[in-house]
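Construct the complete structure from the given sequences, taking the supplied hints into account.
2 protein chains.
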Amino acid sequence: MSLEPRPHQAMREGAEFDTIRALMARWGDLAVDIGDDAAVLTPPVGGTRVVSVDACVEDVHFRRAWISAHEVGVRAAVAALSDLAAMGARAESVLIAFVVPDAWREQLSDVADGMGAVIREAGARIVGGNLSRGAVFSITTTVIGRATRVVPRSGAGVGDLVVVTGLLGGPGAAVAAWRAGESPSAWARGRFVAPAPRWAEGDALAAAGATAMIDISDGLAGDARHLAAASGVHLALEVARIPAGPGIAPDVAMQSGEEYELLACIPLEEYKALAPRWGSVSPVPLTVVGVVRAGPEAATSTDGVAPSAFDHFASGNTPR
Amino acid sequence: MSLEPRPHQAMREGAEFDTIRALMARWGDLAVDIGDDAAVLTPPVGGTRVVSVDACVEDVHFRRAWISAHEVGVRAAVAALSDLAAMGARAESVLIAFVVPDAWREQLSDVADGMGAVIREAGARIVGGNLSRGAVFSITTTVIGRATRVVPRSGAGVGDLVVVTGLLGGPGAAVAAWRAGESPSAWARGRFVAPAPRWAEGDALAAAGATAMIDISDGLAGDARHLAAASGVHLALEVARIPAGPGIAPDVAMQSGEEYELLACIPLEEYKALAPRWGSVSPVPLTVVGVVRAGPEAATSTDGVAPSAFDHFASGNTPR
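Protein chains in written order, with our numbering: chain G, 1 to 320; chain A, 321 to 640.
A hint or two may mislead.
[As the list claims (entries may be wrong)] Only some residues are given here: those of chain A computed to face chain G with a beta carbon under 7 angstroms: (1) Gln-329; (2) Arg-332; (3) Val-352; (4) Asp-357; (5) Val-365; (6) Thr-368; (7) Arg-369; (8) Leu-404; (9) Gly-454; (10) Pro-472; (11) Arg-473; (12) Ala-549.
By construction, these hints were calculated from the structure, which means they are not laboratory data.
Values in this document were obtained by computation on a predicted structure and should not be read as measured data.
Glycine included, every Cβ here is placed at the ideal spot set by N, Cα and C.
See the structure below:
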């Protein structure tokens, strides 16, 4: 069995297949092994293979009036790929299932470009997909990746620090502005339309010994509860420590969804080793926002309940 | 790394997660490793891993007035899994992404049961998925499987026989009847609502040396053109040989889609070895319908152009 990807298979004439051919032309060498009943996955070279699926539906996950077709594609790809970053994995292969109303046919190439840019940046390939008509535009993206060390949601231990990447609140602020008929700030809009999967950050946290990790899609408050439930622990978060974007209050930032930043738990000693070199990992900050405690399986957000274990890192926990 | 599947991860409270918990309860031990950002795939024990995705959209792939919610689930699962059978693969893992309008919430358990029955029968497990609101009900199913010998669409050689499993025309006849406001025959309805992935048949054809294979989703005529285009050959089909269901003309049967029967090319000697023991492989017939010739990359359906190479098998090519 060759490790080289198989070439595309020729497809017969027809409008549906013309559309698929147009997408393949758009993607160029980013797409491999398209056109058979199924794609062949090359054997992983070490590590563990992981898989996830995510859907992006018009008028549920975005409104066309808010963002461009290219940005729709970027967001759909990031939302799916971010789940791999949150496992400490890197993306290898992507399958894309489009449901396309007539009104979207002309814009499909722009959507494909947006997805392609993110997938190319991730170092992955598009190996399959599906194209269907339908009344509502949607993109369902399957992502397959590989992890040297899988970081689940369930491994948080009592005493671990709770850390988060980046600055939160942008997507929430952008949606709130659009809903109010206003224009979001450039920073908030950028965070909504062009989020980035946190590959380097997820890798570094996994390698450093993170015990549990999740990407922030429902909002920090909600995803912290996921992680707490999966690990059977209590996440004590300190609102004042939440890293919020410009002009955004921390308690608002922790409700903002579709951030695609990473929330992780990591033992104190491992954090001590990671923090001084974080600046070489990523340009976005890594911030300690709480501590893992025993107790009910729910995270709480409490002002003034400082996680004492990391107080002495407080001044240094945002490298830039 | 253990080969045992990981247990489910607990999820936090909330209506969305209650729905996921209800699905997991419905599926029981059929679902594993649900609730993390991504599912871990156990390493394949030999063979090649293959992956495919397929979408089933209300009012595109089915109408709710025609079939039950359970049958919607069956069809969605079969449509996706059949692509693995057509590669000569067996299913291992399934991810299911639902888009669910409010009107479908009560019926989601029945859909899940239908999918679950097919996935269980296939010997696969549900390892992940996605749940989204949306205006139109859809199911996007990702299937991951393993093949000892992958059979692509592209390997057909000049002189190979063209064979097809089962009796065609049922789904087409059922849809035609419904569209005319009539009731389809029990046989035609059964073929539409409860198709079956041809696992044993795909395995046997792959092991016997089939050179190219595809499942019939667009109709025999259309899928033969796919296979011809992928292989760069001409498929000469003889209409009179098309195995059609009761009361269905062969030329109508070859236009019927969503059959999920297999169309394959196989060298004469390999067919000779397989045909006598086909009855022990499958209860459905294996019928020679044509021959692969050099020439333009399009399949034609021609009366009276008998593929001479298999004429002496004509009397024995439908074992029952």
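Each hint tested on the structure:
no.: 1; hint: Gln-329; result: holds (4 angstroms)
no.: 2; hint: Arg-332; result: holds (4 angstroms)
no.: 3; hint: Val-352; result: violated (13 angstroms)
no.: 4; hint: Asp-357; result: holds (4 angstroms)
no.: 5; hint: Val-365; result: violated (12 angstroms)
no.: 6; hint: Thr-368; result: holds (6 angstroms)
no.: 7; hint: Arg-369; result: holds (4 angstroms)
no.: 8; hint: Leu-404; result: holds (6 angstroms)
no.: 9; hint: Gly-454; result: holds (4 angstroms)
no.: 10; hint: Pro-472; result: holds (5 angstroms)
no.: 11; hint: Arg-473; result: holds (5 angstroms)
no.: 12; hint: Ala-549; result: holds (4 angstroms)
Consistency with the previously given hints fails for numbers 3 and 5, ordered from lowest to highest.
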